[in-house]
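Q: The listed protein sequences derive, respectively, from chains Y and C.
So in numbering that gives the first Met the number 0, the last spot in the first sequence is 362, and the numbers never skip.
So in numbering that gives the first Met the number 0, the last spot in the second sequence is 712, and the numbers never skip.
By construction, these hints were calculated from the structure, which means they are not laboratory data.
Mixed in with the good hints there might be a few duds.
With a cut-off of at most 25 Å between alpha-carbon atoms, the simulated BS3-like pairs for lysine-lysine come out as follows [unchecked claim]:
#1 K506/C with K132/Y
#2 K145/C with K665/C
#3 K8/Y with K10/C
#4 K34/Y with K145/C
#5 K494/C with K506/C
#6 K7/C with K183/Y
#7 K506/C with K183/Y
#8 K10/C with K132/Y
Stretches of chain C that chain Y covers, calculated by requiring three or more beta carbons in the stretch to come under 8 Å of a beta carbon on chain Y [what the hints assert, rightly or not]:
#9 14 to 20
#10 33 to 43
Backbone N, C-alpha and C fix where the C-beta goes; we use that ideal spot for every residue, glycine too.
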Amino acid sequence: MAKRVSVDKTLFTVTLILVFIGLVMVFSASAVVAKERFGSPYYFVLRQFGWALAGLAAMFAAMRLDYRRYKHPAVVFSLMGITTLLLVLVFFLDRSHNTHRWIRLGVLSFQPSELAKPALILFLAYFLETRTKFMDDWRRTLIPATAPAVVMAALILMQPDLGTALACGAISAVVLFVAGMSLKYYAWALAPLPLFFYVFVVRVPWRYQRILAFIDPYSDPQGRGFHIIQSLIAVGTGGLTGLGLMEGKQKLFYLPEPHTDFIFAVTAEELGLLGATLVVVLFAIFLYRAIRAAVLTDDIFARYLATGIGAMVGVQALFNISVVLGMAPTKGIPLPFISYGGSSLFITLASVGVLLNITQHAD
Amino acid sequence: MAGDGLLKDPKWRLYLLGALLFLWCGAIGLRLVQLQIIHYGDWLQRAQRQQQRTIPVSPRRGIIYDRNGHELAMSISVDSVFAVPSEIPDPANTASLLARVLRSDPRDMVTRLKGSHSFVWIARKVDAETSQRIRGMNLRGIYFQKEPKRFYPKRELAAQTIGYVGLDDEGLGGIEHAFDARLRGTPGKMLITMDARRKWFGRVERQPDPGENVVLTIDEKIQYIVEKELEQAMHDSRAEAGMVIVQNPRTGEILALANRPTFNANIYKDAPQAALKNRAVSDIFEPGSVFKVVTYSSAVEEKLIKPEDPIDCQGGVIAVGGIRIHDLHKMGVVAIADAVAHSSDVAAVKVGMRVGEQRLYNYIRGFGFGQQTGIELPGETRGMTKPVNRWSKVSIGAISIGQEIGVTPLQLASMMSTVANDGVYTPSRIVAGVLPPRKTPQTVTFQRPQQRRVISTMTAAQMRRMLEGVVLFGTGRRAILDGYTSAGKTGTAQKIDPNTGTYSRSKYVATFAGFSPVNNPALTIVVSLDSPIGLHQGGQVSAPVFTRIAQQVLAYLNVPHDAEVKNDKRLQLRASVKDDELNEDSTDRIGGGLQAAPNAAPDPQPKSAPVIAAPSAPAKVVAAALTARSSALPSGPAPALDERLGGGTIVLDVGGGVVVPSFAGKTLRSAIEAAQDAGLEMEAVGSGVAREQSPPAGTRVANGARVSVRFSR
């Protein structure tokens, strides 16, 4: 077993910078709306700050807790069980905006679907390590490995939250890929995609319209294409250096979710190409350090865990930014570390803690 | 697969994964450069287009003044409500709240609020209370805009002449319509931007130009007298409709013009069509005996008769083309003047025949019949006069006594004014001038009207004397005035029944057209009552209205008396006359009526607004100006005709400077409007609400002065 080395300071620093940028941007994007709706411009940013503190505490804790302790069925399956239970429970507890996403405990509210991602990663890492020799036996490996992911994704899809469901699928696919899953299964997985697309996208009018809007936003600039056009206008007006922090205008009247899904548009508008590129570069560094950790470790469980956590942050970040830039259809995926959203921030930070712990064992 | 070997190695799979993700990052970077650098200008433009809004600032519509500068029509600022649908968080809720206050259909409101427009009107020109209630609800995406609303402070006064405006301030009747283009003004533009803290920031792109002001020749006081007396006459005579014109015979200026039924121009939508009509210019009727003025004038002018010549009235019977007509007042051989006084049809027919068809027609045209008078009102008709080649054998007789011809009341006024004005025809006018906004004091200089001589001074004098005889001895005795001489002619014409197209046996138009004083007339007055019930002769119902109006107006104008005041003989003469002595026109008809003139249809096209040329020598006239009132009254020895007909001047002191209002606390938009309403130019500095101003509120400054206002948050 590898000797204990110091924690990956680059990864640690990048994470802190992203969290900091997130707090600043959440304040900028939400202050006016918060003042109008709740009487205080700090309403959202204070909540986010609280979650960030909690998340950082969890990160430090996880950083110090040997990741190998998770490699135990009691941990893996109780996490899976709790997650599944909460995902079912949410249908009975919450009905806001015609969706079932939240579990509320007083002032705190929590999205169980966020928990699904680390739960799946942990399960896959644990399970696939035991199947290293049988990767090509689909009955022994592929089916049991993907079954929990399919169940959870289905539950999340019913909330309905297509973005998170897709994120779960993508993370699982990445971990399976790194675990050596034969590429032919990916081909098979993609084969029914048209059917899936028809049932869950074409047949659901609002999703279909999002797709149409993505293909040609200007076919209906006041209707379906509105959000994409507004996002592009925000990014475009940023120019090289941006309008200046707090000075963005699109967040006020035009961007649909300025402090959550479209926070990158506000960032690009206010901080310009320089600020937007900085955020992208920070995520790139994060990805590089995560993959590096996965490459450097000799522990297969750690490798899969690192891959999953890196994929969780990377896939969501790149997808969110692509949506903002009109390169992908709108899906409702948050920008990790930066978007407003307590459960997402807390769980992402806790996961990074695990990743940081893994880096200490690499050499 | 060649790469399968490499892909068996998990590290290579990680490298491949990393490469894919970095490619993705690179694509994002390129996309950022494309959006933020290459197409930066496009997006900036797009952002400005949607973040800025250009709002038109309505100009203030010009004021319509009477000749003394009293406002007859003006504009006040009221609130209009509009919505920006994209800013409304809950259209259904907002719609139901608005619908409740506005008492409109909530479903219709929802459709409007859900529309994809960036701007939609919710309610235009609402009253102050409604506006307050909507403001109080503090709805997001609902905004207010000040719009000018036309206001007629004198309500029914001269309503048909002034006209009225539609919802967008477009002139729909009267002067409002005829002078719409000049009253309207040019809208300004305001650019509204919102800053990052949701504060509006406005910048005036172009100041609105207020419309020009129109000054009428109407005198509000005279108009008021006329309205009051016409109302009384309508009540007394139970007529269906009525009309009075008061004109200055020297200048052709209309001093008052009233119609019944009438309407309140502030709520014209409730008015029946009949009330909106300006009968003075749009009604065509057979004048009856009043028209004998033309017959006798032409005969005197052609030296065929003299007032003292005898004429045989043949015991009141004459046959024209086989049709016998009868005078009610049967006479034998009398002087021409007596035949006029008692309105003998027999005498008029004989005189007309002596004049002859072509000559009579020429005089009819000379007096202005069959043509527009040129008055600046929309919808003026030409009347109906058929050329001689379409006259029948009996037409000459019929036309001599005012049948078979269609005239407007204003044409009758012009005819009477021509006789009063020494035989010179003067086109009628009701607009004194158009003034540029915001200049004080203002002066309207009259153009010399295009006049023409119709009959000689001598003929006119002889006609005046004969028409005075009508008042003193004949059918017009109810028009005897106290302290003034007066002259005129009565007329009672059968009305065409609109249902049958034939002449009615029970409905008459009773007319009196006259002037006073006889030798130096200051006023021509035409009174026409349509279908009075009971007494229906012009001398019975219309002459007393003339008397009451003339008496008050002559006093108001300070016209010097030319007859003894409280002269018992004159007043007794007026009082002693019995109703049946005033009967004139029999129901006998000669030839066809108006409907027998197929090609002489009235001109249905409203004439366009005449352009009033700028006065040739504007400034110097002011000092030497006669006021309009005195221009009607040449005192002392009568000046030469040309001099008397020369351009008069109205000196109009509108306001005499304005008091600077307080702008404190106003938004840019309402400050601009307040400034405009006060007639001031505003210079805005900063944004937010008004904090400082210079000069301070309450200061008196010249119209159009510049006020500087500093805005801050």
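Q: Please write out, lowest number first, the hints stated earlier that are contradicted by the structure.
A: 1, 4 and 7
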